[in-house]
Amino acid sequence: MSKIRYSEIDGNSKGFYLVLVILAGMIGLGGLSALYMEHNGHWVSGMDNQIAWGMPHVFAILLIVAASGALNIASIGTVFNKHAYKPLARLSAILAIALLLGGLLVLVLDLGRPDRLIVAMTVYNLTSIFAWNILLYVGFMGIVAVYIWTMMDRSVSRYYKFMGTFAFVWRLVLTTGTGSIFGFLVARSAYDAAILAPTFIIFSFSIGLAIFLLLIMALYSGTGRELGDALVKRLKNLLGVFIAASLYMVLVFHITNLYAAEHHAFEKFILTGDSIHTTIFWIGFVVLGGLLPLALLYSKLGNSRIMIAIASVLVIIGTASYLYTTIIGGQAIPLEIFPGYEVISSTFGDAEKYYAYTPTIAEILLGLGGVGIALIMVILACKVLRFLPNSLSDAVTDPHYKATTAK
Amino acid sequence: MSKQNHPDKSRRNFITAGAAVATLGLAPGVKFIDVANAGNEPKAVTSEKRWGMLIDTNKCAEGCNDCVTACDKEFGLNETVDGQKLKSRPEQQTHYIRKVKLKNKKTGHTLSLPLLCQHCESPPCVDVCPTGASMRRADGIVKVDMHTCIGCRYCMLACPYKARSFIHEPIENQKPYAPRGQGCVESCNLCVHRVDEGREPACVEACNKSNHKAIYFGDLKDQNSVVSKEMKKQASTQLRDDLRLNTGVRYRGI
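Chains as they are written, first to last, in our numbering: chain S, 1 to 407; chain Y, 1001 to 1254.
Simulated from the structure, these hints should not be mistaken for lab results.
Keep in mind that the hints are not guaranteed to be accurate.
So these bits of chain Y aren't anywhere near chain S, every CB distance computed over 10 Å [claimed, not checked]:
hint, residue
1, N1104
2, A1158
3, K1175
DSBU-like mimics (lysine-lysine), calculated; alpha carbons at most 30 Å apart, straight line [as the list claims (entries may be wrong)]:
hint, chain 1, residue 1, chain 2, residue 2
4, Y, K1043, Y, K1221
5, Y, K1101, S, K353
6, Y, K1106, S, K268
7, S, K353, Y, K1087
8, S, K353, Y, K1105
Ideal Cβ placement from N, Cα and C applies to all residues, glycine included.
Take these sequences, add in the hints, and give me the full structure.
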C-alpha cells in the first residue's frame, strides 16, 4: 500500500455547480414546505390524530439511521484495523455528520412548535428516550467532528484510535436509542420489542454503506479520480452481508410476533392484509430491498459498477420501505383497547379496520430538503477540506496488491 | 467648599417627594392585590388525594353523547370564530372524550361507554415526553403543560388509549382556564380547573343532568367518597390492565 494523499475537489465544473443548484433547490423547497406547514398548522399535512408521525419521520429516521451506519466505514478502519478502509474514514465521518444533521432538521421542522427547540435543548425528562436521543445526536456530531480532527491534524493524531473507538461505541448507543423510540412503546403491538434496537443497527449498516458506495462512485467518477475494483468489490460483498442480516432481523421479529396470539392481528395486517403496507413490505422491502440486491451483488452482475449502484439504490428503497411499514404501518392498525370486544362504532375512528394515510407533497419535500442538506454539506466539505484521497486505486487500498503484482 | 457645607437640597427634596408619590401610587395597588387574593390562596396539590372515575357501562346510554358535547363546550373544542368551517379533517380534530360502542365477540352482548384519558399512575405519555410537558400532578391528574410542549407527538404514539390530540390549526377562542394552541398536544385534564374549585368535571355533570348517572367521580384514596364506595360494591376493571398502569378511570360492566 502506498501513502495516502488527500486533496480538495476542484469544484469548478458545470456539473459541480449543477449539482449544487439542484441540491439548493431541494433545500429551498424543503424550507418552504416547513414554513407552509408551520404557518397553516399541520392540517395541511396528511398526518392526523391516528397517524401522528408521517412521511417527515420516515425521512428523518432514515437519515439518522443512515448517519450512524455511514460512520461504520471509518470504524472498520480505525477500530478493527482494516487498512483498506482507512483512506475512506474522513469521508465516512463527514457523511455521518451530514446525514444526521439532515435528519435532525427534518425532525425539528416537523415539530408542532419548532420555535420551542430551545425548550427541548434545555429541559430534559430523562425517562424519555427522546430526551436521551437529543443528547446522543448532539454528542455524536461533536465526537465525530473531533474524530475527523484527529485524522486531519498530525499534532493530535495520537488520539485517533481512541476517538475512533469512542465514536464507534457512541454510534451503537445512538442507533440503539433510535430503535428504542419504537421499542419502548409498550402500548402498540407493532412496537414494544427489544429486537427493534439491534434491527435498526443492522439497517444502519446496510443503508449507511449503500449511501457511501453511491457517494464514492459518484464523487470519483465526477472528479476523474481512480477508484479501484478491489475496494468496490470489498464494499459490495460487505453490503450483501448486511442486506442478508437485515432480512434475518425482520424475519426473527415477525416469527416471534407470530408466536404470540396478542400480535396476530398486527402480523395479519402487515403480512397478509389488503392495505398498502403489505405491498410495501413484500415488494418494497423483501423483494426490491432484499432479495433483488442480494442477487445483483452476488451474481456475475455484481462485477458491474452500474449494477452495484442499482443494488445500493435498492437498499435505500428497501430501508425506506421497512421504515414506512414500521412507522406508519405501526400506527395504521387501531389500538387494541378492548381485548375480547369488537368495536362497532366510535366517534373517533376506533371501529376502522385500519387508518389510511396519504402523504402530502409538502411532507415529501420537507424530507427531501433534509437529503439535500446532507448531500450539499458533504460536497462543500470535500471542496474546502481534504476529505477525499487523490486515488482509491487498488495500489492504495488493497494490502495484497504489491504481493500479487510482484510475482 | 461652601458647596460641601451647604449641599444642594433640591435633589434631596426631589427624591423624597418622588418616594412619597411612588408610595402613595403603589400602596392602593398592593392593597388591591391583597383584596383580590383574599380567600383565594392557591393550595398546594398533594398526593393525599387521587382523583378518579368509575364508569358504569350498564347505565351509559347508547346514542347519548352528552358527556362529549359538554366536554367540547367546556374547552371550546373544534369551535370556530364567526361560524367558519374547521380546516382540520375529522380525524385531525380534537377529542378529549369519545363514545365507543362495543360487542362482546363471544356472547354478542353490546355496550356503550365514554373513553377518555385514563389518568394512569404510570402514564406512558409522561415517560416518553422529552421536555416533561406531559405531566402527572400529585393528585393523579395527567395533563399537558402547553407552555413547554414542543409538539413532537411522541406521547400520542405512547398512549394506549389514543386519548391525545394534536392541535392542527390556529385556535382563537381559548377559554381563560384552558390555554390551548396550534402545534401542541392536548387531552382530557379531568377538568382540573373545576376540580381545583371543588366542582366535578363537565362530563360527569352532563351525565348526571341527563339522569343516566353513569360516571362516579371523586377521590380514590378517600374510602368514604362515592367513587370508592361504588368500587367496593361491584367489580370494576381497568382498560388494558395487562399494562399495569393503574389507571384512575375504571369501568364497570366490561
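Outcome of the hint check:
Against the 10 Å criterion, N1104 of chain Y falls within the reach of chain S, whose nearest CB is about 6 Å from its own CB. Consistency note on A1158 of chain Y: stated as away from chain S, yet its beta-carbon is not over 10 Å from all of that chain's, at 6 Å minimum. For K1175 of chain Y, the non-interface assignment is confirmed: its Cβ lies about 19 Å from the closest Cβ of chain S, beyond the 10 Å cut-off. Proximity of K1043 of chain Y to K1221 of chain Y is assessed by CA-CA distance (about 18 Å); at most 30 Å being required, the pair is judged to hold.
Taking the CA atoms of K1101 of chain Y and K353 of chain S, the gap is about 15 Å. The hint holds against a cut of 30 Å. At most 30 Å may separate the alpha-carbon atoms for a hinted pair to count; K1106 of chain Y and K268 of chain S meet this at roughly 21 Å. Distance hint between K353 of chain S and K1087 of chain Y is fulfilled; the C-alpha atoms sit about 25 Å from each other, no more than 30 Å. Of the supplied pair hints, the one linking K353 of chain S and K1105 of chain Y holds, its CA atoms being roughly 16 Å apart against a limit of 30 Å.
In this structure, the hints that do not hold are numbers 1 and 2, in rising order.
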